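Residue numbers (the working numbering), protein chains in the order written: chain A, 1 to 589; chain B, 1 to 589.
Errors might be hidden in some of the hints.
Dumping the calculated DMTMM-like pairs for lysine to aspartate or glutamate here, alpha-carbon to alpha-carbon at most 25 Å [unchecked claim]:
(1) B/K572 / A/E482
(2) A/K326 / B/D334
(3) A/K225 / B/D334
(4) B/K572 / A/D323
(5) A/K572 / B/D34
(6) A/K314 / B/D174
(7) B/K326 / A/D174
(8) B/K549 / B/E43
(9) B/K154 / B/E275
(10) B/K154 / B/D98
(11) A/K225 / B/D137
(12) A/K549 / A/E10
(13) A/K572 / B/E492
(14) B/K326 / B/D315
(15) B/K572 / A/D546
(16) B/K314 / A/E583
(17) B/K549 / A/E583
(18) B/K47 / B/E159
(19) B/K572 / A/E566
(20) B/K572 / A/E568
(21) A/K549 / B/D585
(22) B/K225 / A/D334
(23) A/K314 / A/D546
(24) A/K572 / B/D137
(25) A/K572 / A/E492
(26) B/K572 / A/E10
(27) B/K549 / A/D585
(28) B/K154 / B/D137
(29) B/K225 / A/E492
(30) A/K549 / B/D98
(31) A/K572 / B/E488
(32) A/K572 / B/D174
(33) B/K572 / A/D334
(34) B/K326 / A/D585
(35) B/K314 / A/D585
Please keep in mind that the hints were generated in silico from the structure rather than gathered at the bench. Keep in mind that this is a model prediction, so the values were computed, not measured.
2 protein chains.
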Amino acid sequence: MNVYTPPLDEIRFLLETFDYPGQIASIERFQEFDLETSMGLLEAYSKFCVEILLPLNRVGDAQGVRYDPETHEVRMPDGFREAYTEFCSNGFGGLSFDPAHGGLGAPHCVSTLALEVLVSSNKSFSMCTGLTAGLIDALEAHGSAEQQAELLPKLISGEWAGTMCLTEPQCGTDLGLLTTRAVPSGDHHELTGTKVWITFGEHDLAENIVHLVLARLPDAPAGIKGISTFVVPKFLDDGTRNAVFCGSTDHKMGIHASPTCVINLEGAKGWLVGEPHRGMRSMFTMMNAARLNVGIEGVALGDAAYQAALAFAKDRRQSRSLDPAKVDREHGADNILVHPDVRRMLLEVKATTEGLRGLVAWISMSYDQMHHSADEATRQRASDLVALLTPIIKSYGSERGFDNVSTAMQVMGGAGYTRDWPVEQYLRDLRIAMIYEGTNHIQALDLVGRKLMMHGGRLLGTFSAEIGRLLASCASDPRMAEFAGPLEAEAERLQATTLALGAAASRDPEVIGAVASNYLNQFALVTLGYVWVRQVRAVIERDDADPLKRSKLQTARYFFELILPEAELLAKKVAVGKAPMTEVDTSLL
Amino acid sequence: MNVYTPPLDEIRFLLETFDYPGQIASIERFQEFDLETSMGLLEAYSKFCVEILLPLNRVGDAQGVRYDPETHEVRMPDGFREAYTEFCSNGFGGLSFDPAHGGLGAPHCVSTLALEVLVSSNKSFSMCTGLTAGLIDALEAHGSAEQQAELLPKLISGEWAGTMCLTEPQCGTDLGLLTTRAVPSGDHHELTGTKVWITFGEHDLAENIVHLVLARLPDAPAGIKGISTFVVPKFLDDGTRNAVFCGSTDHKMGIHASPTCVINLEGAKGWLVGEPHRGMRSMFTMMNAARLNVGIEGVALGDAAYQAALAFAKDRRQSRSLDPAKVDREHGADNILVHPDVRRMLLEVKATTEGLRGLVAWISMSYDQMHHSADEATRQRASDLVALLTPIIKSYGSERGFDNVSTAMQVMGGAGYTRDWPVEQYLRDLRIAMIYEGTNHIQALDLVGRKLMMHGGRLLGTFSAEIGRLLASCASDPRMAEFAGPLEAEAERLQATTLALGAAASRDPEVIGAVASNYLNQFALVTLGYVWVRQVRAVIERDDADPLKRSKLQTARYFFELILPEAELLAKKVAVGKAPMTEVDTSLL
């Protein structure tokens, strides 16, 4: 039973809360995209997702992809090819890309919020267009004018699809170990090596597939400073097949309609993108957007699971309220929404999902400002926030999202465990989000080991200033105290944790590895606290009877009373330091 | 890749720690089962599990059960029938049942610890023998001498299998709503109704299936006080087919080789077990053992996943240690066990799994004492502990076990998400444990709403006395302080939480529903703290170089520094009370 409805009202509220008209629509590049236009685009996009892609989600899960070892080709589940063609013909693959190359030119925040609906409807499908979008980002940033002119229009239109070929059997997290070689040969290079975990590395949705491949030139230094990037098309300009083949597809717990491929490069022709040995730059360009998108997956499936659980709960009667006044004498049992624990579970999911979605809205708007604001200070502030909070969105979004799907299943009892509802698929599909695009611990190391130190700590200063400004704007309003007070306390605690961690890490860097995961989660909770105070402030002037105000207040209360306190526990865990992990004899594990 | 090894050394250690020779083997009924004999039985049982059942685990998952709507029969995956026959011919189905009916007469703690190995090897298979065992328990407690003589030998030998037919479409948690009717007819009753979620309700492993069915007699009062229990065999004495048919099997996220059936009773012949309208008693007899067993599922699959993750980690090199002294210059990357976060994840799983297994050992030994000790005070103390801690084992074991499997998967990165390893199956198979045999929130209500109040709070007093005795025995040993100190503090906090909750609940019972789940988890952490102090005390006199001592100390340190502090957060959540849940307009969810 599929009950998913795209959260368009909530998206509109968030765009207003984070001042879309003033912050984004006022940027010259986006002058055609006022709030109504963007919402119109999102509505059309959402309609397509729900009508065409949502019904294919179960089909894709049940059929999976089919690999033919004779032809090295992958056949997608029934209906995916037609849906892909229609998706592209609507221009949905190019929502926020440059109109110069055939994109619609909408703000990035619009395509990012659209992505949530796409993932809720069909996560496997979203990964094809997502990888292509990553390749487009990399080519826009690092490709030559010729490469851009040749490739971007076909990728943006969806005629061609993209991949990201990074990992190899011996290197996942640690790309410095990669061994794929690229040997110069006339105007091109010949690439040889084996890539693994390649999402949509082979499929029959598009006419051609362009692989972005990390490899080493013959004169490359060892490690990650010797990696270059190449584009390697499946079919060459003259229509001949390039020597890049899918060797097999993985059998996975979920995302069955997303082919995860071994890709063998057998002297395949490739063309260098950007400068030699600087391949990690284009990789990171792809990665940053990809990481934001992974966080969204947690929001998307957390919300879809919530909607299923709520629909189930509204329909289910079981047991009696412990409060005699709430007993429904007309029925043999009370609706389960009367039970506080059912509400607790639903509010856990709702409070974190709405907090994370707000965070995504804020940071994706910052992404637009970072690239396109006319004001340098705005660009810098936005860039700081994007860099600092992207690992948090990726990690906390995927982790809490997974917990949320599981919690939603719990509301449904045995029904949620069966395929009568889509929640069990959501749980299977979402588990990978904690792993791919850099495991969640890699995000934590990025946060603590890189982002906190960057520009002498400026990124954290920018974030703290945002919190300070928000708290100042609430200070004179006693109605805000129950929300702003806990945020202030936890922001101060985070500051103290950060200082102590900085001091400990400067004496002993290994501390970072030991505590970074817990630190990231502490940071994430404070960030959600910020987002919730902004949401409450945005409704506080409304009439007390306004449903949105009442809804936001009751959900915010749950967040501040029962979720934000987790930050204190995490701070304590960080303060423990490294000993319980490092003073361990691993032969005894 | 399957690397599972049964934890026999650990089981021996736990049996010694909780004084198996003095507490169990000294009971007259168990005189033949000294520690070596019991360990010999466990070794033979484990060998069978690993050699025969483990290889079938993946087969069962991939094939699933096959339902034939023409014959209403269910065919089990390849090899299951042969394995079942061999399992039974070894007497493994009757490990701890009465020799008078063909059982081996071993202590319940032995069959309980054996169950862990069975579940680690093949969870689906374990559910068939588990349900049969539940029926045997119910008949031993409530069946007539005639019923016992007729049914028990065949059930204990495994010729016949059992089920437990409780739930109906309109009633899962709330059995008072059930409507299946039993009409007297000569020496028997005719039962009509529809049962759902019936585990192993139909299969081809055994010659006959005996259903234990809850139903209402014509003169039954409404609610749970009008429920009677009946045995309803699939085949009658004369070999004719009884009118009880499988209507369909559910399609589930996991346990694909465990048929979950709709069972239609179409005037089926049944015989009353025990007194009319007192059926909930036999139901609870089955339920209590079943709940302990569900907790074990979390231990079993948490450990199996841990073993897979550890094997993967030992073999994997990736990135460099942040401590230059630990860099392995002979390789291009360090073994991932050097990274503190990998250790953190492994220790999370190890510390909770070993704590829960110890708890299971303790409570299953108490189960034997409760039934068979010659000393009345011992029986009462054991009975108190079993009643109080069974809901904790069921709920915390399944919840933490699920988290543990997910954490183990995280250690393995993408590999853990694929079917190259069994961990993704463990995650799917284990998720149901939080739901069935009473959802985890039902366990929490049982703990707070029933067990804490029982006999004027005597159960909690018994548990507190155990903690007090343990702490007293550690008081003079400074080596125990780092473990006993935190246990004492958290036990005191739990006492305070319990008192405050009792006071709040006496004014307003709805508070119980709001906070019980968090309270149960707080209680569980204190319980694991108790078990860890016992384990440490059991090794503290050993030589410092003893591997078991070193292993237990380093794991215990992780537990007390990084896991037990979660109890404080939970206490804070309990103290919040009900308002964030009850002062909510559910139409706004």
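Hint by hint, work out which the structure violates, then give me just those numbers in ascending order. Checked against the structure, the hints that fail are numbers 2, 5, 11, 15, 24, 26, 29, 30, 32, 33, while the rest are satisfied.
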